[in-house]
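These protein sequence lines are chains A and B, in that order.
The first sequence begins at 3 in the working numbering and counts up by one.
The second sequence begins at 168 in the working numbering and counts up by one.
Among the clues, some could well be false.
[Stated by the list, open to error] Some but not every residue of chain A turned toward chain B, in silico, with C-beta under 10 Å: (1) SER36; (2) ALA472; (3) SER523.
[Said to hold, decoys possible] The calculated BS3-like cross-link candidates involving lysine-lysine, where the alpha carbons are at most 25 Å apart (straight line), are: (4) LYS496(A) <-> LYS385(B); (5) LYS315(B) <-> LYS363(A); (6) LYS468(A) <-> LYS350(B); (7) LYS348(B) <-> LYS500(A); (8) LYS468(A) <-> LYS315(B); (9) LYS458(B) <-> LYS468(A); (10) LYS267(B) <-> LYS622(A); (11) LYS21(A) <-> LYS442(B); (12) LYS229(A) <-> LYS315(B); (13) LYS455(A) <-> LYS458(B); (14) LYS622(A) <-> LYS270(B); (15) LYS436(B) <-> LYS33(A); (16) LYS442(B) <-> LYS33(A); (17) LYS496(A) <-> LYS348(B); (18) LYS436(B) <-> LYS17(A); (19) LYS21(A) <-> LYS436(B); (20) LYS33(A) <-> LYS409(B); (21) LYS500(A) <-> LYS349(B); (22) LYS630(A) <-> LYS270(B); (23) LYS350(B) <-> LYS500(A).
If you are wondering where the hints come from, they were derived from the structure by calculation, not from laboratory data.
Where a beta carbon is used, it is the ideal one built from N, C-alpha and C, also for glycine.
Listed below, chain by chain, are the residues.
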Amino acid sequence: MDLSMRWLKDYVDLKADVKQFCSDITISGSKVESYGEEGAYLSNVVVGRVEEIERHPDSDHMFVCQVNVGAEELVQIVTGAQNVNKGDYVPAALHKSTVLHEGKEVKITKGKLRGIASNGMLCSLSELGLTVHDFPYAIEDGIFILGDDCDKTLGMDIREAIGFNDTTVEFEITSNRPDCMSVIGLARETAATYGIPYNVKKPEYKGIDGDVNDYLKVAIHNTDLCKRYIGAIVKNVKIEPSPRWMRERLRASGVRPINNLVDITNFVMLEYGRPMHAFDLRYVEGGEINVRNAAEGEKITTLDGVERTLTSNMLVIADAKKPVAIAGIMGGEYSGIMEDTTTVVFESACFDGASVMTTSKKLGMRTDASARYEKGLDPHECYEALMRACQLVEELGAGEVIRNYIDCNYQSEEPRTVEFNADWINRFLGTDIPEAQMIEYLNRLEIKVENGKAISPWFRIDLGVKADIAEEVARLYDYNNIPDTIIRGVAEAKLTDKQKFERSIRQALIAMGINEIATFSFISPKYFDKIRLPEDSKLRNTVKIINPLGEDTSVMRTTVLPSVCEVLARNYNFRNPEAYVFEMASEYLPVEGQELPVEPVRLGIGVYDTQDSFDFFDLKGIVEGIMKKAGVTGYEVSRPGENCTFDEVVSFHPGRSAVISCDGVELGIFGELHPAVCENYGIGTRAYAAKINIPELMEKGTDEHKYTPLPKFPATTRDISVLCDAELPAAELEKAIRGAVGGILEKVTLFDVYTGEQIGEGKKSVSYSISMRSHEGTLTDEQADKAMEKVVKALAALGAERR
Amino acid sequence: MKEQLKSIEQRAKAELEQVSDIKLLEDIRVRFLGKKGELTGILKQMGKLSAEERPVIGQLANTVRADIEAAIADKQALIKSELAEKKLASERLDVTLPGKTPKVGRPHPLNAVLAEVEEVFLGMGFDIVEGPEVESDYYCFEALNMPKHHPARDTQDTFYINENVLLRTQTSSVQIRTMEKKKPPIRIISPGRVYRSDAVDATHSPIFHQIEGLVIDKGVTMADLKGTLELLMKRLYGEEAKIRLRPHHFPYTEPSAEVDLMCFNCHGKGCSMCKHEGYVELLGAGMVHPKVLEECGIDPEVYSGFAFGIGLERITMGRYSINDMRLLYENDMRFLEQF
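When you get a sec, could you build the whole thing from the sequences and use the hints?
Given below as structure tokens:
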């Protein structure tokens, strides 16, 4: 809402300057976004009178003017305009002035035009930043010749002379206060803020004899969506420009002046916050106004020239045959006021807010009218708006108003009341405001207090509960005067086990040198192809957004892997030599028969490093580090099997990926990304990724740590090297060793794997160091030898022969 | 013999003067004091001496041995310390060469700030509660006093999954879920992702984070809300932090307020950092609307409470002077490694 300060001051005697005003009214509840002065870019442009004008000796289209700007000497200015005559009053931009040229600020200085000195410039409307809508008697491509509606004091600043010096304050009006989307509403708030009177007189008009019913019939067919319809008739209309005071108030409010009748409806809408419409009676067939639902598929071409197809839940204003306006949004093509209009129907109605909002959204039309209606206006306020419009018609001499009017579906009601209890308000706010002061505040807002009830004025649709009254008191008291207190009572708070667990895993990853990332939770369905998911993968069953910003962000991710790949790719593109990243991120998995999906937390890790070596085993070390941090002990790492629960298995290098599981539950998958995936993402180096299911990890882990006594007796270490099939997993060898040594085993360490010509193709040599220790006493050689014999036997059973 | 002993002592000492190598020093020791050394040779001839001379020469010989031994020890210590000095000197490094830092990861700036905010609230007795991001219309809007067609819904451009399911536009949904399950006193914050269909630019993102707080108990006042926010800001921004409340409208609170933080740069006078307003908009807050309490089965005649919502991006960007929100979701290592 753009408020003209000039207009505001018609109603309140405001003393504060605009900056102070903006601050004060913001604190009392009407938030100011910004403010600005009209024509602030103009400087040193004054009113001048052309005393002499003659042709330029060296040009056939230029003139040399002697301009009186109220100073002792005349100013010589050369102009190329053809519409200037002796005696004309003109805007004269003097030496060192600023005007607009093609919308940009330009400096004017004295100079010579074809050898003749020119000490300034005569200005057109556009050079001042105005249009012919602001001064309809002026011409577009010529000098602005000041009319009688301008102050012609020579030398006067042009902005003041033509009333182009208003200040506009832009308000952010919240949806509960449509009454403040009006000059009067904000005048009322201004008066309440300062505790000063505001002077709005009840509008009245004289009217002429006649009967409105001879011209107009109004029928409301849907009384739920139209709570009131008032129609009046204006005869003998004279279409002409409206006066300057009206034009400049409209301009400062951001509305273009058109002609007197249109301007009146716009003026009333801005002043009272009540949208109005004016129909040319010639185009209202049968003189009938029918407020009804549109027929399904019914068409109307609106004022903006666009044909709209309507549906049956949209409300229209129709004549005997066709719709002439979409109720509360926009009139039809022929419904408006034209140059030859003679009889006008004024409409001031109350349409249902939700209905206007739905229709305006469906049709994609948001207008000044719909923006006001959709917040819910009160039917009682229709009347004053109509009165004001009729008053203005008489004041402007724009036509003759028939004295009586049609008022359809008006239901007079008792005013709305809310409980008023000063003690409760003070208890609720934590304040100590005297009751009399509260009542005074409320009275300023036209809220009367009688017998413990606050009586809401009609324009306040938002006062429904006693907390609303508390807010009215609090905002005039100033929120910032409410004391600061500490909540009573003690409360203990702690993190849940889940929160603690997730924090500890995050910290572990950070300690391992991996950076945390944050990625969008919605992705493109195409990303599933990029990570090579099969067509029938369960992960392609997503939660889909029906109104996404674009395909790239149209489905909720069912796997964190694409998000991680995306980040690796982006960093690779940025030519960053390495990226070590992780995220604790949600996946969104639809559940058959449930309204909402489940949102399990996953750990996604991604790494590439073009400088230092990073390989599968570095990643495995990180994953095992997480197992250790999570307190998962009995985990197994194996090549992904046929029934791998992770569909992302296809995104990994088949020979360089593994699943990690515990008690038969797969906790995660990790490994080198499949070269095809790297290619799809444009990652030109080996890249690694992991996905770990956090809830399952937490389930298998424990954060209980119990001290084991430090050993009292020395350990005995034996090394063994075996030759076996290259394909035999080392984990099986280790498992065999563990089983064979039994209770005295302390540690098995693999210290060498060798393949090469000496040992034959398809074979490998694996060497372990086996550390044994007893807690009862020092192990004897015999005990150790015996254990080693078992080890040799167990390994042999796997086809691994001692070397 | 006396002269011979004197001569040995003099020669030994003279040689010791010259020596600078630990090995040559040992040679000198062997040559003079060793089993086949000169001094031993002389002592072997002691038998030839008279009974009167023997003790005199014996004592002298012992003195000479002790003197030489002491001289050798001194020299040895000297050479060792010289060697040590030399070694230290030779091991001198250019300490200005770059260090070798082990890889250290960083928390994402949003999470670093979130953790800090959470600590403050935990200290003030607020539990941390989470809830679903894909949410039903009921928890996100209806229970919050925003029935379908409510004009305030318009200000929160919503992503819909279907007519009744959406991506939550605010974590207030978690407050409703909490109030349904838990009876007062309630003191929680609900941090998390929220979604609004804003195109990505320097100050907008379709995904961002909120931290909403909720306190419900008997006799909770608006003064308590003010005091809590004041305390929060002081903990987050230091004792100098000053806030300003402005009336506002949220359907789920009444009275409602927007809370501004006084600009640190100009202390409220107005500068380019705060767009000449002196204050920077920080969060929304208010007293929980009685209809919301009723909807959750809490009697508004008995209980009252307040709620507030903070944008995590806003405080994070303020904290680190980040001027473009896109950086937070781009995950460029050169950005992430700065925190």
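Go through the numbered hints given earlier and state which of them the structure violates, listing their numbers in rising order. Nothing - there is no hint that the structure violates, so all of them hold.
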